[in-house]
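A.B. asks: Dock chain B against chain A, hints included.
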Amino acid sequence: MEDWFFTEEQRMFRESLREYLQHHFSLEVIEHIEEKREIPKAIIEAMAEFELFCPMVSEDYGGAGFDLVTAGIVGEELARVDPTGSTCVYYLVPASWSRIIDLYGTEEAKQELLPKMTKGEIFCGIASTEADTGSDLGNMITTIKPDGDGYVVNGAKNYISGVREASTLGGGHVTLARQDLDAGVRGCTLFYLPLTADGIEISQDREMGREGMSTGGFRIDNVKIPKHYLIGEENKGFYIIHEGYEAARGIIACVCAGAALKALENAVAYMKERKTFGQPLARYQGMQFPLAEHWSKMMMVRDWGYKALRIMDQEKQGKATRFESSQSIAMAKLWAPLWAFDAINFSMQVQGAYGYSLECTEQKALRAVRSFGWAEGTSEVMRLIIAREVLGGTAWKGY
Amino acid sequence: MKIVVCVKQVPDTTDVKVDPEKGTLIREGIPSIINPFDQFALEEGLRIREQTGGELTVISMGPPQAKSVIMLSLAIGADRGVLLTDRAFAGADTLATSYTLAKAVEKMGEADLVVCGLQAIDGDTAQVGPGLATHLRLPQITYAEHIEMVDGVLRARRMIDDGTEIVEAKPPVLVTMTTPSDFVPTNPPFTKIMKAKKKPYEEWGAGDIDLDSSRLGLDGSPTWVEKVYPPPVREAGEILEGTSDEIVTQLIEILKREQFL
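Taken in sequence, the protein lines are chains A and B. Under our numbering, the residues of the first sequence are numbered 1 to 399, in order. Under our numbering, the residues of the second sequence are numbered 1001 to 1261, in order.
Chain B on its own, in the form it takes in the complex:
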């Protein structure tokens, strides 16, 4: 089975702050990590590869330093890595990103299974996976938390509001994965990190892929981010004091005063 997993390098958002004047993310000194949803997607893809055999290629689009997430993916178990890196790709929105990724996946030859994280934790759009499926004309299953191959058919378990849903699709198919709360990411030991260096790794620029250059990067992006700003800081609430009865009495007074009762 030929499996492609898309990964993205993102800032560790637990530390990210917004510059209030420039309206941009302050990335200086913030460690970059593999998008956690993508690591789960990778590990699910690897599990399918163990089940079916075949090859798993990991692909990312980003600046040259995004190589580190490819190397991490190779250390975790991917067979081959491709980084799409070119100034022409910079500033891409989800449409241009999914178009570029689709053209790169086409260049690799027909994939039986494309696995993506649900969304990237820096943008939270959840659009690239579905966009990629659309460009590749593949059926898509989103919000999957578990996948397996059963008699040549991909079976996915999806989280929905009132329970879980089992969906099946015959490959080729694209799946986006959400991360279960008990997921423990694999941490590769040293020998696997060293072996990753010897696995096939390529960097492709715009000239290496058959694509329409007007659909790349900022020029190919109909979405423009006008402003990024942190949510306003909430003022401290009123703290009621006293016995339980006194607090309830005060609370009822306030609710009446504010016309909730």
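Pulled out of the complex, with its shape left as it was, chain A reads as follows:
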């Protein structure tokens, strides 16, 4: 049965993409990601060849002009072939934040940066989190001040994806800093910060998963940036940054669905083959009932993830409000990592002691999806957003 939700072109794209990824992702690729803690160059080239870098950027700047639903398809399919989730992050972070440069950046910045980003030649990340402020953006220490023809930036960022990629490959991060120090989050400015600039010093963390993708922090010591790196208006960054986060959150829901459904498919194959006490595991209702629950939850997450992305697409067409987008995306992002973690954990449990071995694909996926309980907005912030819209009467009720 074809999924009526997608257009004919999106269905054809998914089939084409799935075959393409299956051809390029092998066991050796996953081993390379885990052991060398990097994504192989051949995979990055293959992703660029298939227009998977920053694909929501308009074709005028070298992008593929994806809508958000199509961007979600890529997230889901990458998660099916890369249990470490590394390429999912390498895809979704630049995809979501280059879109913000495309929507709100200056023409000069778009022409300078986007053609390179869409070819995968330079990285595009997001830097808002600091050591003492994750969700509490109004208390960031990083500041930006006008300085001559541009700005000067000081401070430090932490838990940032892609610091190694942006400092070695080239590129930078869409960065949030305080400008009007008396205005809290309403005094924050968004801008592009190249991580190759003088005055940037990066450090790297070791995380429990997503091994092929770097995470770390950077100190910003009197870094000068040109005026055209401003994104949107001064002191209005807080309003824009949500659009980037929400695109990423919606894609993350699709990533979680892809990872968990693939894990459940692997569990089903094992349950049919493995016999205990004279019959396959799949014959036991004790196995069937949790399988049914996890499968149902992940299919619901998958559907809602795409629906939330479509609501965001509709917002751009004036058919949905900012509130409706935020709340719909938050609903998908709240449950996707939590339920995916449980579903993958079940898939590990089914496989007995092998489930705990490092060889087991599912334990890689478990460590990857756990990160999405924090990344691009914590589960707690998702609850706050949903409650805010429901209590405020601005929630989308489905009619």
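Bear in mind the hints are in silico, worked out from the structure with no lab data behind them. None of these values were measured; they are calculated from a predicted model. Among the hints, erroneous ones may be present.
[Said to hold, decoys possible] In silico lysine-lysine, BS3-like type, Cα no more than 30 Å apart, as pairs:
id, chain 1, residue 1, chain 2, residue 2
1, B, Lys1017, A, Lys272
2, A, Lys316, B, Lys1199
3, B, Lys1195, A, Lys119
4, B, Lys1107, B, Lys1198
5, B, Lys1107, B, Lys1197
6, A, Lys316, A, Lys236
7, B, Lys1197, A, Lys319
8, B, Lys1197, A, Lys307
9, A, Lys119, B, Lys1198
10, A, Lys119, A, Lys41
11, A, Lys316, B, Lys1197
12, A, Lys307, A, Lys236
13, A, Lys297, A, Lys397
14, A, Lys307, B, Lys1195
15, B, Lys1195, B, Lys1103
16, A, Lys307, B, Lys1067
17, B, Lys1197, A, Lys116
18, B, Lys1107, A, Lys116
19, A, Lys224, A, Lys145
20, B, Lys1067, B, Lys1199
21, A, Lys319, B, Lys1198
22, A, Lys119, B, Lys1199
23, A, Lys297, A, Lys319
24, B, Lys1192, A, Lys116
25, B, Lys1195, A, Lys41
26, B, Lys1192, A, Lys119
27, A, Lys316, B, Lys1170
28, B, Lys1197, A, Lys119
29, B, Lys1017, A, Lys307
30, A, Lys307, A, Lys297
31, B, Lys1192, A, Lys41
32, A, Lys224, A, Lys307
33, B, Lys1195, A, Lys319
34, B, Lys1192, A, Lys319
35, B, Lys1067, B, Lys1195
[What the hints assert, rightly or not] Derived, one-sided and incomplete: chain A residues facing chain B with beta-carbon distance under 10 Å:
id, residue
36, Glu9
37, Glu49
38, Phe50
39, Val74
Each residue gets a CB set at the ideal place from its N, CA and C atoms; glycine is no exception.
C.D. replies: Chain B in isolation, oriented as in the chain A frame:
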């Protein structure tokens, strides 16, 4: 150069099962794909077009949903697509199919090169390509695994039992292509899929082509498939156990008993 490539939508036969009572293929829920031999034919045709310039038209006969293989072909690089779709074409055997395709190719104007897959993976007849060449009165080269244009002549490399054979023919010519084991089909990215929507695409029914209606579909098909059935399931063989010497001794006993020795 004017190139025509014939493609067919087929069920993904890795999943196909036969209904043991009705004797028909169970197609429900089976994904449809482009016949793999035809995709190779298309990509070889595109390579020739790159070499010589010109236009490549892809043609298929089938139900309306076969449009998807035309759209895929356009996304891969074909310039124009034509789907022959009409209830009058239904039930055609290889003779009626090749006749209908030939009349459509004639309507397009004279083709310099017609490229077909060796066979469709659902029927495995390998007759439509040669049939089409016969109807069009074209020379044909079958079982080619590589083609190129050399000084205005089509050179084809054919797989034969004891090696390879190089055959040349002056266009117009029809070639059927077999797929080399290392062939990796092209997967079009999103922008090419979207651009395919803007390429010329037409659907032709029986009324759009100059043809003899008595030679179409079931009425024009001398071949009737009486029954389709799965091959009988083989019984499990006897497994010999023991050391190598013991197994060899047992095996010789069995071969003698069965009068092979």
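A.B. asks: The structure should be examined with respect to each hint, and the outcome stated for every one.
C.D. replies: Each hint, compared with the structure:
1. At most 30 Å may separate the alpha-carbon atoms for a hinted pair to count; B/Lys1017 and A/Lys272 meet this at roughly 20 Å.
2. Proposed proximity of A/Lys316 and B/Lys1199 is supported: the alpha carbons are some 28 Å apart, at most 30 Å.
3. Pair hint B/Lys1195 plus A/Lys119 holds up; C-alpha atoms about 20 Å apart against a cutoff of 30 Å.
4. As the CA atoms of B/Lys1107 and B/Lys1198 are separated by approximately 23 Å, the hinted pair is consistent with the 30 Å bound.
5. Only pairs whose Cα atoms come within 30 Å are accepted, and B/Lys1107 paired with B/Lys1197 is accepted, the gap being roughly 23 Å.
6. Among the hinted pairs, A/Lys316 with A/Lys236 is consistent with the structure: their alpha-carbon atoms are about 19 Å apart, no more than 30 Å.
7. With a CA separation close to 26 Å, the supplied pair B/Lys1197 and A/Lys319 stays within the 30 Å bound.
8. This hinted pair checks out: B/Lys1197 and A/Lys307 have alpha carbons roughly 25 Å apart, not beyond 30 Å.
9. This hinted pair checks out: A/Lys119 and B/Lys1198 have alpha carbons roughly 25 Å apart, not beyond 30 Å.
10. Proposed proximity of A/Lys119 and A/Lys41 is supported: the alpha carbons are some 13 Å apart, at most 30 Å.
11. At most 30 Å may separate the alpha-carbon atoms for a hinted pair to count; A/Lys316 and B/Lys1197 meet this at roughly 23 Å.
12. Simply put, A/Lys307 and A/Lys236 have alpha-carbon atoms about 28 Å apart, close enough for the 30 Å limit, and the pair holds.
13. At roughly 20 Å between alpha-carbon atoms, A/Lys297 and A/Lys397 fall within 30 Å of each other, so this suggested pair holds.
14. Proximity of A/Lys307 to B/Lys1195 is assessed by CA-CA distance (about 25 Å); at most 30 Å being required, the pair is judged to hold.
15. Restraint check: the Cα-Cα separation between B/Lys1195 and B/Lys1103 comes to about 29 Å, which is no more than 30 Å; the hinted pair holds.
16. Of the supplied pair hints, the one linking A/Lys307 and B/Lys1067 holds, its CA atoms being roughly 28 Å apart against a limit of 30 Å.
17. Taking the CA atoms of B/Lys1197 and A/Lys116, the gap is near 28 Å; set against the 30 Å cutoff, the hint holds.
18. With a CA separation close to 47 Å, the supplied pair B/Lys1107 and A/Lys116 exceeds the 30 Å bound.
19. Of the pairs offered as hints, the one joining A/Lys224 and A/Lys145 holds, with about 10 Å between alpha carbons and a cut-off of 30 Å not exceeded.
20. Distance check on the hinted pair: B/Lys1067 and B/Lys1199 sit about 13 Å apart at the alpha-carbon level, within 30 Å; holds.
21. The suggested pairing of A/Lys319 with B/Lys1198 holds, with an alpha-carbon distance near 27 Å, which does not exceed 30 Å.
22. Distance check on the hinted pair: A/Lys119 and B/Lys1199 sit about 26 Å apart at the alpha-carbon level, within 30 Å; holds.
23. With a CA separation close to 28 Å, the supplied pair A/Lys297 and A/Lys319 stays within the 30 Å bound.
24. The suggested pairing of B/Lys1192 with A/Lys116 holds, with an alpha-carbon distance near 20 Å, which does not exceed 30 Å.
25. As the CA atoms of B/Lys1195 and A/Lys41 are separated by approximately 29 Å, the hinted pair is consistent with the 30 Å bound.
26. In summary, the hint linking B/Lys1192 to A/Lys119 is supported, as the alpha carbons are separated by about 16 Å, within the 30 Å threshold.
27. For the hint pairing A/Lys316 with B/Lys1170, the CA-to-CA distance comes to about 56 Å; that exceeds 30 Å, so the pair is violated.
28. A distance of roughly 24 Å separates the Cα atoms of B/Lys1197 and A/Lys119; the hinted pair therefore holds under the 30 Å criterion.
29. For a cut-off of 30 Å, the pair hint linking B/Lys1017 to A/Lys307 is broken: about 35 Å separates their Cα positions.
30. Our distance criterion of 30 Å between C-alpha atoms is met by A/Lys307 and A/Lys297, whose separation comes to about 15 Å.
31. A C-alpha spacing of about 24 Å is found between B/Lys1192 and A/Lys41, which places the hinted pair at or below 30 Å, so the restraint holds.
32. For the hint linking A/Lys224 to A/Lys307, the alpha-carbon distance of about 41 Å lies beyond 30 Å, and the restraint is violated.
33. Simply put, B/Lys1195 and A/Lys319 have alpha-carbon atoms about 26 Å apart, close enough for the 30 Å limit, and the pair holds.
34. A C-alpha spacing of about 28 Å is found between B/Lys1192 and A/Lys319, which places the hinted pair at or below 30 Å, so the restraint holds.
35. The straight-line distance between the Cα atoms of B/Lys1067 and B/Lys1195 is roughly 15 Å, inside the 30 Å bound, and the hint therefore holds.
36. Taking 10 Å as the C-beta contact cut-off toward chain B, the hint placing A/Glu9 at the interface holds, the least distance being around 5 Å.
37. For A/Glu49, the interface hint holds, since its Cβ comes within 10 Å of a Cβ in chain B; the closest pair sits about 8 Å apart.
38. For A/Phe50, the suggested interface contact is upheld, since its CB lies about 5 Å from the closest CB of chain B, less than 10 Å.
39. Annotation: A/Val74 was flagged as interfacial toward chain B, and the flag holds, the nearest CB pair being 9 Å apart, inside 10 Å.
Against the hints set out earlier in the document, violations occur for numbers 18, 27, 29 and 32.
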